[in-house]
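Chemist: So the sequence lines, in the order shown, correspond to chains A and B.
Converting from the first sequence to this note's numbering requires adding 47 to each position, the first position being numbered 1.
Converting from the second sequence to this note's numbering requires adding 47 to each position, the first position being numbered 1.
Take these hints with a grain of salt, some might be off.
[Claimed, not checked] Far from chain B by the CB rule (all over 10 Å, computed), these chain A residues:
#, residue
1, L53
2, E87
3, D88
4, R127
5, L131
6, S157
7, N192
8, P271
9, K340
10, E362
11, L373
12, D374
13, K386
[Said to hold, decoys possible] Residues from chain B shown here face chain A by an in silico Cβ test under 8 Å; the list is partial:
#, residue
14, T65
15, S69
16, I71
17, T95
18, G96
19, G98
20, E103
21, A229
22, L254
23, Y255
24, Q269
25, T273
26, V278
27, I297
Hints were generated in silico from the structure; no laboratory data involved.
Don't be surprised by glycine CBs; every beta carbon is placed ideally from N, CA and C.
Protein chains: 2
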Amino acid sequence: MYDSTLQVRSKQIPYFRTDEFSKIMLDMESQIKRCMETSEDSKVAIITGSGTAGMEAVVSNAFDDRDKVLVINGGSFGHRFVQLCEIYNIQYDEIKLELGEKFKKEHLESIDGSNYTAMLVNIDETSVGQLYNINIIKEFCQKYNLYLIVDAISSFMSDEYKMDEWGIDCTIVSSQKALALAPGLAIITMNKKFYENKIENKKPKNLYLNIEEHIKNMKRGQTPFTPAVGVILELKDRLDNIEKIGKDNIIKETKEKAQYFRKKIMEIDGITIPDYILSNTVTPIIVKGKAVKIFNNLKDKYGIFVTPSGGELKEDFLRIGHIGNLDISDYDELIEKIKEEL
Amino acid sequence: MYDSTLQVRSKQIPYFRTDEFSKIMLDMESQIKRCMETSEDSKVAIITGSGTAGMEAVVSNAFDDRDKVLVINGGSFGHRFVQLCEIYNIQYDEIKLELGEKFKKEHLESIDGSNYTAMLVNIDETSVGQLYNINIIKEFCQKYNLYLIVDAISSFMSDEYKMDEWGIDCTIVSSQKALALAPGLAIITMNKKFYENKIENKKPKNLYLNIEEHIKNMKRGQTPFTPAVGVILELKDRLDNIEKIGKDNIIKETKEKAQYFRKKIMEIDGITIPDYILSNTVTPIIVKGKAVKIFNNLKDKYGIFVTPSGGELKEDFLRIGHIGNLDISDYDELIEKIKEEL
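Extracted from the complex, chain A is given alone in its bound form (with noise of 0.2 Å):
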């Protein structure tokens, strides 16, 4: 977490149903869409919860059973598309990569894509670190004239982001990635083609995670429900720092962290990474064995957290973060205290 973040934590948290607090709603809305690159006329709707709420949020309203979707399941949150379809009764085909897999344009050009209304894609499959190829996704979804939804939790502001320029109809973020936030907000932005057809006008089947609601109360700045105000202004005060320093160099540090660390590391005998390509925001690391107690270990001796996974990957697996407050010296020295535990 930034300092100006934590500085914003520090203060007492305002009343919010407030000509302020609208005023900043909708400052907020317009840098959000800005940051994903996307027009003025997008929609922006800011959910207090995780971002699958976010996800649950855009299947939910977007989708019934007279539409089919296609879901690229390359991990546990390409399984919680599934998951969602399920739930809904809202038919779908999944393109499942095997763990490790990467996906390639060899796993779309077997697919008649007239059979389907939306692609649904988690461009960055957050448990194995897998950064999906767009252009692959994008040639696909405008041959066939599909919805393109695209989960952009764990790479938005760690990569680029063109979500016009790359045609994608709507995008899903949180707010604890790598806008460096505390968790308990998703913000899902759609253009005005998908709101106006997919989301609008439609009869309610949820209350809480009714995204037309959101868009309605948007338009004079305010949330049909509390939402988690603290994390908002913490929000505000992200994107006005986003907005001095500039995405783009925000992404190039970033992106120097993960290649100096993916550089370094790989010079460690016994340590791999994945083939696939990777997102800035974290390296996913093979170490056979010796996860678990890697994990414990940099924790308990030295406070440094990494992200274990789990399943099958428990033991094997661990992903090093790029984003938020780092530097290039806490790399020196994680890689240090990783080699001391091999």
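Knowing the structure of chain A, use the given hints to seat chain B on it.
Modeler: Coordinates of chain B only, in the frame set by chain A:
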């Protein structure tokens, strides 16, 4: 917000998939049950979202088209229960109270409770500040063997609350009311019978608000999705303080503030208070035609926030809070300012 809460907020937010965080969650689960005055075999789900998220989780998870529920609709939060029943196709009847109408025994006398499986009540209907008489409700639910679901969002920790003694099967609260924390958490406490009969082993209707997933994860002190870790740490600190100070002492102090304010404000010509039972949380005051002016002037001239109302109450109705870090002298000042604005 208390100083102690601001202290917690000034620190970096830790990674949460750790044994340390799990221990905090499990401790907190027991503390919440003690605060609710329910037995240790009750279940607690902590959901990142507003109080409405908690209400929706309960209504959508517990009831379906084989249920019929009875709702006391005495304002906008009662109406929210009605909305939820409509969205989820749950049959309901409502006891609709007119604006300012007091809830009485007579409202239930003509109703055949054997038509229902549950009763849904906002124990303090926040929009008008009416605290419903729990004895009337308890008697009715016990007579007809109905599950009693209570939204205690604006009452919990301001008013007495005895979940088991009052025959309440499920309680919904949130972080930002009398707990005086940042908004962002809904807390659902269910007794064993309600959980096992109405929540467990059902086909899920949603993912993010699926209570059973939360309970399964809570067994190891975790949540299914990234929670508002910051607010959870604030909650732990607050619960520790509640146990130190004593729940009864905190409620007594709030009650004294409410009574002090009510006595003083009634002495002012042109201000009245509704004649129903009031929660200690807020005092609703009726200031015919002047509510918007008073709200704006207090805010703009003095940075003092009272709670305005929407709809037909907008010009006449203000609510003055008694929760959080306020003392008697704050009310003396507020009363002087209100006098000036009349």
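Chemist: Are the hints correct? Go through all of them and say.
Modeler: How the hints compare with the structure:
1. L53: violated (6 Å)
2. E87: holds (28 Å)
3. D88: At about 28 Å from chain B, A:D88 clears the 10 Å cut-off, so the statement holds.
4. R127: Given a closest Cβ separation of 8 Å, the condition is violated.
5. L131: violated (6 Å)
6. S157: holds (30 Å)
7. N192: About 28 Å separates A:N192 from the closest Cβ of chain B, which puts it past 10 Å; holds.
8. P271: The claim is violated: A:P271 sits with its nearest Cβ about 8 Å from chain B, within 10 Å.
9. K340: holds (15 Å)
10. E362: With a cut-off of 10 Å, A:E362 remains clear of chain B, as the shortest Cβ separation is near 16 Å.
11. L373: Nearest chain B Cβ is 12 Å from A:L373, so the label holds.
12. D374: holds (16 Å)
13. K386: Per Cβ check, A:K386 is outside 10 Å of chain B; nearest 22 Å; holds.
14. T65: Given a least distance of 7 Å, the restraint on B:T65 holds.
15. S69: Status violated, d = 13 Å.
16. I71: violated (15 Å)
17. T95: With a closest approach of 5 Å, the B:T95 hint holds.
18. G96: For B:G96, the interface hint holds, since the closest Cβ of chain A sits about 5 Å away, which is under 8 Å.
19. G98: Result: holds, 7 Å to nearest chain A Cβ.
20. E103: holds (5 Å)
21. A229: holds (4 Å)
22. L254: Cβ of B:L254 sits 5 Å from chain A, so the hint holds.
23. Y255: holds (5 Å)
24. Q269: violated (11 Å)
25. T273: OK, holds: B:T273 within 8 Å of chain A, min 4 Å.
26. V278: Status holds, d = 7 Å.
27. I297: Nearest chain A Cβ about 20 Å off; hint violated.
Violated hints, listed in ascending order, are 1, 4, 5, 8, 15, 16, 24 and 27; each of the other numbered hints is respected by the structure.
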